[in-house]
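Got chain A; can you put chain B on it based on the hints?
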Amino acid sequence: MKKGCIALLVTLVVIVGSFSTAIAKFPTKPIKLIVYTKPGGAIDVFARKFTTIAAKYTDATFVVVNKSGAGGIVAIKYILSEKADGYQFAAVTRSNVGKIVSSGNEINVEDLDWMAMMVSDPEAIITNRTSPINTWEQIVADAKEKGGDQIWVGPAAGGNDHIMAMKTWNAAGIKAKWIPYASGGKAMAALLGGHGVVYVGNPQDVIGRPDLKVAVISNSERLGGDFADVPTFKEVGIEGLDNEILWRGFMAKKGMPEEAKAFYHDLFDKVNNDAEWQEYVQRGGAVPLFDKEDKFLATVKNDQIEFAEALKKIGAIK
Amino acid sequence: MDLIESFSIGFSVILGWKPLLIIVTGVVFGILAGAMPGLSPSTAVALLVPFSYTMSPALALILLTSIYIASNYGGSITAVLINTPGTPSAAVTAMDGYPLTQQGKAGKGLGTALVASTIGGAVGVLILILFAVPLARVALKFSPADYFALALFGLATVASMSRGNVLKSMVAILFGLLIKTIGIDPISGVSRFTFGNDMLYDGFTLIPALIGLFAVSVVFSKFETWTGVGRVMDKIDNKLPSLEEFLKIKFTILRSSIIGTVIGIFPGAGATIAAFISYDMSKRASKEPEKFGHGSLEGVAAAESANSSSVGGALVPLLALGIPGSATDAVLLGAFMLHDLVPGPMLFQNNPEIVYGIFSALIVANIVMLFLGLYGNRLFIRVVSVPESVMYPLILAIAIIGSFAVNGSMFDVAACIGFGVVGWFFKRYGYPVAPVVLGIVLGKMVEENFRRAVMMDGYGVFYRDKLAFIVLLIAFFSFVWPLYKAWRYHRQAAAAPGENEAKI
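Protein chains in written order, with our numbering: chain A, 1 to 318; chain B, 319 to 822.
Extracted from the complex, chain B is given alone in its bound form:
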């Protein structure tokens, strides 16, 4: 058996106190960096690239990939506890995770996120190990038209994300798309809406915008309604979800893990899109869709298993073809190059100890993450018992440091505060902020690929390309169906006014 032989090489690389210590260090650093708003997985990995330079190539990559997988989980901790997504993809986790904390069920939120991340991570790695090469080939066949369709499908999830007012969600998503047009035009290279400001040349950085919209806006709302009395959340339950609750969401986790891995494989899609799409799918498949957005364990599980499994997916094009599929992949590619290695098919032949060392390390890192997470959660959860008068200034401080950390730029800090004000207005008038993130994340993918597809083959390509056409149809119906259901519900309600009042 080839695979078994390869793994015996792989595990021989990671057995020993030094590699194991490196994995544990990587996981701890990854969780903490992930939890820290401002340190996205790619930044967390990049921070340790210089450190890894003096290690042997295998150990260096084991360290970096352990960080990668753990940081995707770490982002959920702050998302659940203080509504501040530590990583962009945890913005989806916050939608249900934070309501859980507000209901005093932080333990259930954290526990679900941890287990979903571990299973998701494992599924992603498993698929990576078994099917890396053929999957990478299939992903390459996707044309710009197909990418456009996929991105549009991602945007269509807005319809199911909106609680109640679809129009308000549409405004929010358009705002996000509009923000994304700032900066250099991805096709022509001309700068747009930069007003001669160098800082706007690359557009607004995602992370400060995200922290502003989610966390700073909450601080502003609190200022507005501040009564002068620091309230402490009265009941905190650090009870983990019961086995029964886990069994209930097992299919959600499994489904989301597969969705996450698959989306992760496509270069340029990534963890955030994976989380949004799997959240949407889980809501549709759920028996209790009305709970989504109000503290649904399924919602947390869907988002977390998808973003963690996307790590395995994103490593597929990197390891199989040497093509970086995500921002973190690009950093990892640099780390390979620093050690005079080039990922790709040749690496499997020439340095199997590195490839299988990484695979084995990813499996071990997942297990380490589960245990560290279980112990860590008891500690993290105390954050919630901090009085509000301390908590909110602290969130503001973390937000500012986090925004600064991304590029070391004060402009990003100002942008974070600016987005905080926007988020505050949005919340005040009942506009959701998550669609803004969706717009920012998908805006570029939609635009670039649409223009590329048309440049290559003209407008006809969207029905000539069968795959793109089918995905576009699915996107259309997934957008319209919730709207139709809402409309029908309202019409029925209008027909029977008595019931209407009772229901609202």
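In isolation and in its complexed conformation, chain A is listed as follows:
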């Protein structure tokens, strides 16, 4: 009888115990990490790198799901169509904000939870080392000589890099032509082939491509490592281009439970401080950046205004 009592008690404790942890514990099933490109894209690599490093700190299972299409709109709409239970979050970049604007602002950024901005890729003015025009001074001199016929190449019109180019022309008082390519890679091929003088991208684009050279970087100070020789805009005498970046981070649908939120914030903190993660970020010429929630949202709203102005200027939106 006594034995039975104890057994009953033990079972009760176990049941209550497991019940209470079930409430507090997140996650209890695999989490989907949505990526807006097909497997193998730069952002896909970023997301997968995140999941491998996250595995050091949590037993949670992450499944990377690729929902490509419409420059990220398909992925964002997917996130918005699912429950805000914290079991799906998405990798996001500044380009997605541009797409939200160019697709007519159907998506309200306030409906999304901008969880953490984790990486900042400074915008870079990239040239062909084998061309006679490969430093900032040479670019400016050549642009003035050609009077608006200098060719700059890069990805799609109205994107991050195009806007960076327009800002640069403004700040330096030069004129040039923007010739868009289907992808950054094809534009780099055009630069290597001598069809353009400048390519606008990020420091990581020159890694492993010895003929490409970063002429100027948009950062408040010089980067380390392979990029220690690269001058900043301030150093070449251009003001107001110290912080033009392509950020990468994570977001989800607004309204996830508190314990899920706590789980993510704890995880983002740990990954952000992880030595391997920082090494991965810096090797690509990027800068670890850590802005959460409100501050992230403020950046997004700022970006929206900037994209809207630029897209109006080139006539892509009314």
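What the hints contain is simulated information worked out from the structure, not anything from laboratory work.
Keep in mind that a hint or two might mislead.
Taking lysine to aspartate or glutamate pairs in the DMTMM-like style, the calculated list, with each CA pair at most 25 Å apart, reads [claimed, not checked]: (1) A:K318 x B:D516; (2) A:K177 x B:D775; (3) A:K175 x B:D503; (4) A:K177 x B:D503.
Only chain B this time, still in chain A's reference frame:
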């Protein structure tokens, strides 16, 4: 000898049961994925990228490149047997491969496709190994005007593709070009003809359109003429082509392999364009051009050796410069990055074991593919003996699954059915569907590069740029010549009405 030394490193990477098993797995998966409509080479490779993450970098890339090369062959199997190109480039293979099956000579079609793929693949890899770096440099020199000329040359092949009615082919190609204008404008970034639908933002996806035009349309035609009796193809011959037949097409294979490799090198051109152009060239060079489109072994060989050799070509810019030349290259680039490697000149210096491991694996993969293909063909060919009442519903099911598999989107399934209806109408009124594919594939290349060239240097660029001018002239004559021949033939026939009737 540098090369020999490099290869001894390369082969030391792939010798051993594990790498060989990985190559065989890659080839099997590649063939099956290639044969499955909806899984294009880029999707097939992308599917296994996450799996390869836990392998060593060399093994991971060996697996992925084996899939790449095998999937280009796999696409021919369904193209020959059931007129459903498993990969976009196999649309060209279907033009002669399927007629062969209809004539009960499926074995010859499959055998030719296999051998042509193997030789093409080998030639492509050989050129890649020997001339990767200088070739990549030359390809970079091509300006937008040159690309425009090349694409226009591709479009001009329509004239020789048309059986009989050129006007109908022109309608078909214009339809394809028109379809390609849907979606985001490649230069200005403005969306065109999307009617506010997100799914149309990237335009129609090629694969569902292709499956619809080729396979679903056949199912619809069968519904229309269905008599209620499921006919089984009475004679199936799984005999391989004879040695004599192979010897007859050896120059076609060789020529097409070189064309395929060269076209593969240009970033953005790719396997499908390679197949179309080499088909056109082979038809012109052939002693029996009238057989093209009616089950010509030369036609099958031209298409298959070109699309397989384009793999080696497409790897040239990726490995030599780190510039992805095809959709699959872009996926491979991601796989390199996952392993913290950047393809390009530095890779040859820092990780020769990976570069030469890939080269050696590609050679072995080709051989494995030949043997697996020879055994597999006996199995695949039984598909043809399935009764029609089972076969056609099955094709419809595969088409739907395949279209869904591309992006996991029901919109693509609807698009596939829609294109099926279009294809059915086309066939019913005697319009060919292959030019539609040509239009869709080349539409963007023609448009983007034309606009880029004009933005850079104005309209004068097309005669100032000597290469572009010459290619444009060739394109013009290759378009006009078949038309002129047809016109002259008709005029002569009109002059002698008696003969005319006899000939028609």
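Hint by hint, here is what the structure shows:
Our distance criterion of 25 Å between C-alpha atoms is met by A:K318 and B:D516, whose separation comes to about 19 Å. Proximity of A:K177 to B:D775 is assessed by CA-CA distance (about 11 Å); at most 25 Å being required, the pair is judged to hold. Between A:K175 and B:D503 the CA atoms are separated by roughly 24 Å; this keeps the pair inside 25 Å, and the hint holds. With a CA separation close to 18 Å, the supplied pair A:K177 and B:D503 stays within the 25 Å bound.
Taken one by one, the earlier hints all hold for this structure without exception.
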